[in-house]
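Asker: Just need the whole structure built from these sequences, with the hints factored in.
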Amino acid sequence: MTRTRHITGRGVDASVVDRIGARFTRRPANTAEPMEITVFDGSTETDLATILAPPATVCLDAQCSGGSMAELPRATLLLRISTATATHLDVANAFTGALAARLPHLDRLAADIRYAVQEAVGNAVIHGNLGLDGAMRASMEELRQFAADMERRLGDPAYAHLPITIAARRHGDGVAISVEDSGGGFHHPSVRPPASAAAGGLGLTIIRKCCRRLRFSRDGRRITMVFG
Amino acid sequence: MQYTTRRDGSRVETALSGRLTFADASQFPNFLDQAIKGGAVCDLDLGGLTFIDSTGMSLFVHVYDAAQASGQKVIMRNARGPVADTLRRASFDTLFEFK
Chain A
1 MTRTRHITGR
11 GVDASVVDRI
21 GARFTRRPAN
31 TAEPMEITVF
41 DGSTETDLAT
51 ILAPPATVCL
61 DAQCSGGSMA
71 ELPRATLLLR
81 ISTATATHLD
91 VANAFTGALA
101 ARLPHLDRLA
111 ADIRYAVQEA
121 VGNAVIHGNL
131 GLDGAMRASM
141 EELRQFAADM
151 ERRLGDPAYA
161 HLPITIAARR
171 HGDGVAISVE
181 DSGGGFHHPS
191 VRPPASAAAG
201 GLGLTIIRKC
211 CRRLRFSRDG
221 RRITMVFG
Chain B
229 MQYTTRRDGS
239 RVETALSGRL
249 TFADASQFPN
259 FLDQAIKGGA
269 VCDLDLGGLT
279 FIDSTGMSLF
289 VHVYDAAQAS
299 GQKVIMRNAR
309 GPVADTLRRA
319 SFDTLFEFK
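First to last, the sequence lines map onto chains A and B.
With our numbering applied, the first sequence covers 1 to 228.
With our numbering applied, the second sequence covers 229 to 327.
Among these hints, one or two may not hold up.
[What the hints assert, rightly or not] Example chain B residues on the side facing chain A (calculated, C-beta under 7 Å, incomplete):
#1 230
#2 231
#3 257
#4 259
#5 262
#6 281
#7 297
#8 298
#9 299
[To be verified] Keeping only pairs whose Cα atoms sit at most 25 Å apart, straight-line, the calculated DMTMM-like set for lysine to aspartate or glutamate is:
#10 B/301 to A/142
#11 A/209 to B/321
#12 B/265 to B/236
#13 B/265 to A/149
#14 B/327 to B/236
#15 B/301 to A/141
#16 B/327 to B/273
#17 B/265 to A/151
#18 A/209 to B/241
#19 B/265 to A/141
#20 B/265 to A/219
Since the hints were derived computationally from the structure, they do not count as laboratory data.
Keep in mind the model is a prediction, meaning the values are calculated, not measured.
The C-beta atom is built at its ideal place from N, Cα and C for all residues, glycine as well.
Answerer: What follows is the structure, encoded as structure tokens:
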């Protein structure tokens, strides 16, 4: 069985929609639920909330490199976004709002979801796709190097176009949200502790406080958080 | 994040606005150069900040470290809503004077 797919573009040429549509083609599915795919240009888009609004189910940033439908997790709502786009748009707020429109009974968890997704996306950008070590922020000199490396890598298409995939699916009465980067992965919990409070490490603590359960997979590239 | 800095004698007043997140990390060294150096008092007006994440909070750890090293006093004022809640939960009110 395959899901009915409907692909639309927003702020992108029809040729781009066709190119990406050809990559993200049929996949096996155990549901006949229609799949509404929206292709958008993350380099110019400013209104992510509208893109994620129902009935969209899969939202693909045309700025992302590579990819195919087969590698995407099944989801109630999925956003595949480039490193650069995740840096200039408020992904956590837009994604949380879009979830609230689909799962209104989870409204009471919206603040926790927003904080956790923000931290997970930040980790995916900084430590995942940009490959920057938070320990480099421990001192002022290290912070200067960190900032310079971040600027340089955000300007390098090899880093800036790497995808981050954020997917939400129903999990009992709650929701499971995964955030996956395209970096080198990390081995939790054997990561070394930060050298100072400024070096980071607080993000995972915040995530743990916000969600009911947390697990890592794909060599640490994917974090899955369960809420509710 | 956007910020403006104004010097008034030995006092450096900096007003921050917008979201202070991981996306702003590359701005941190310039921010610290302007907001911390050269004044006896560093006055941070957070009234325009709407959101802060853990990387944003790390900027204030650098502010604390720099102020400790140079003997400066740091005042944080006008933090509100989720920004005030987040900073207090992380105990920043034990590091800085909050107004």
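Asker: Quick one: which hint numbers does this structure break? Sort them smallest to largest.
Answerer: Structure breaks hints 1, 2, 4, 5, 7, 8, 9, 18 and 20.
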